[in-house]
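Enquirer: Sequence:
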Amino acid sequence: MAATPTTTALVSTFLLCFLFLFHGASPAPVASVRGSSEVDDSSALLAFKSAVSDDPKGVLAGWGASPDACNWTGVACDPVTKRVVQLVLREQKLSGELSSALGNLSHLRVLNLSGNLFAGTVPPELGSLSRLKFLDVSSNTLAGTVPPELGNLSRLSSLDLSGNAFAGPVPRALGKLSRLKQLSLADNQFQGSIPLELTRVRSMEYLNLGGNNLSGNIPAAIFCNLSALQYIDMSSNNLGGAISIRPDCLLPNLTFLVLWSNNLVGGIPPSLSNSTKLRWLLLESNFLDGELPSDGIFGGMRSLELLYLSFNYFRSPRNNTDLEPFFASLTNCTGLRELGVAGNDLPGTIPPVVGRLSPGLRQLHLEFNSPQPLP
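Numbering (mature numbering (1 follows the signal peptide of the UniProt record, and there is no 0)) for the sequence shown: -27 to -1, 1 to 348.
Because the hints were derived from the structure by calculation, they are not lab data. We put the CB at the ideal spot given by N, CA and C, even for glycine. Hints may contain errors.
As the list claims (entries may be wrong) - Each pair of labels, with its calculated beta carbon distance range: (1) Asn190 x Gly269: 21 to 31 Å; (2) Gly189 x Ser26: 34 to 44 Å; (3) Gly328 x Pro142: 43 to 53 Å; (4) Glu64 x Ala38: 43 to 53 Å; (5) Ser127 x Leu19: 20 to 30 Å; (6) Arg288 x Val326: 14 to 24 Å; (7) Ser151 x Ala20: 38 to 48 Å; (8) Arg288 x Ala49: 57 to 67 Å; (9) Val32 x Asp318: 29 to 39 Å; (10) Gly189 x Glu264: 24 to 34 Å; (11) Val32 x Ala138: 22 to 32 Å; (12) Val326 x Gly239: 49 to 59 Å; (13) Asn211 x Thr322: 29 to 39 Å; (14) Glu264 x Pro332: 20 to 30 Å.
To be verified - Below, a list of computed lysine to any residue pairs in the SDA-like style, where the Cα atoms sit at most 25 Å apart: (15) Lys250 x Cys222; (16) Lys250 x Lys149; (17) Lys55 x Pro40; (18) Lys149 x Leu90; (19) Lys66 x Arg128.
Make the full structure from the sequences, and use the hints.
Expert: Written out as structure tokens, the structure reads:
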């Protein structure tokens, strides 16, 4: 089987788009916040430091040397109030646990501790950070369940918990995050079904649930309610049922649909033709069946780059040996770079129309079928 394109780089690319969508904290006279409030921020940061068991780069070595926490590495403050608004310590090889004292940084808007070695659980006290807009603890070794208190972060725009060892169900409380644009829970050990509550987050543009142990059907409301979605990845789970997209459900912004390696059945829904911006459609390694589309599903997808239908149970149109209608339906996809229909036991010959596919086509996977060579 051809190697499936990885989506790790895309996660980073999409998240960067939203790093700086932050509003300034409400100004207050400097005299009113100097003193106890600043001391509270410093104390919270020092408590965080004390829970760090190893700091091989010495990034926290200078914390406490200056009484002004705004000068500490990784810390940024509001220029007027002098309150801590950002804590960014990504990829510093820090280990230890996350201190509950982080919940005392009441003006915090950005918390990025990704790419470290933090273990333990996410403290529920983080749910009290009412100004937080960006939370990234991806690529650590955090475990346990995700505290439902994170659903209280009403201003949150981006939440990335990917690449840890979180288990249990996806918290229904995340459906309360009405301003959330990006949610990545990928590469953990989440179980159970996809909560319907997520379909209420109409601001969602990026949803990555890939690489877990999720089961049940994909809620049809994801495709109907979340019309702002650009990226959907639910690959490498145990999801079943059909890909249910009603004819009246438009996904005009959908660019990436990644559902490979599940237990999905049925065919490719004709209403997917509404997603004319689609670039990646990755459906390989499921139990999809029916005829290979030949009726215009792909006709309007001029931006389609990757189409993988390999290792399913598709058959040729009209259940005969003529593969030309399927390949002809792709001739308008002028950006197509990779096409995979391997492992479907398709009969017949490879039709000459293959030569009219995108001039940029660099990979065509037909292995593990039974077609004859080009005439």
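Enquirer: So which hints don't hold here, by number, going up?
Expert: The structure conflicts with hints 4, 7, 9, 12, 16, 18, 19, although it agrees with all the remaining ones.
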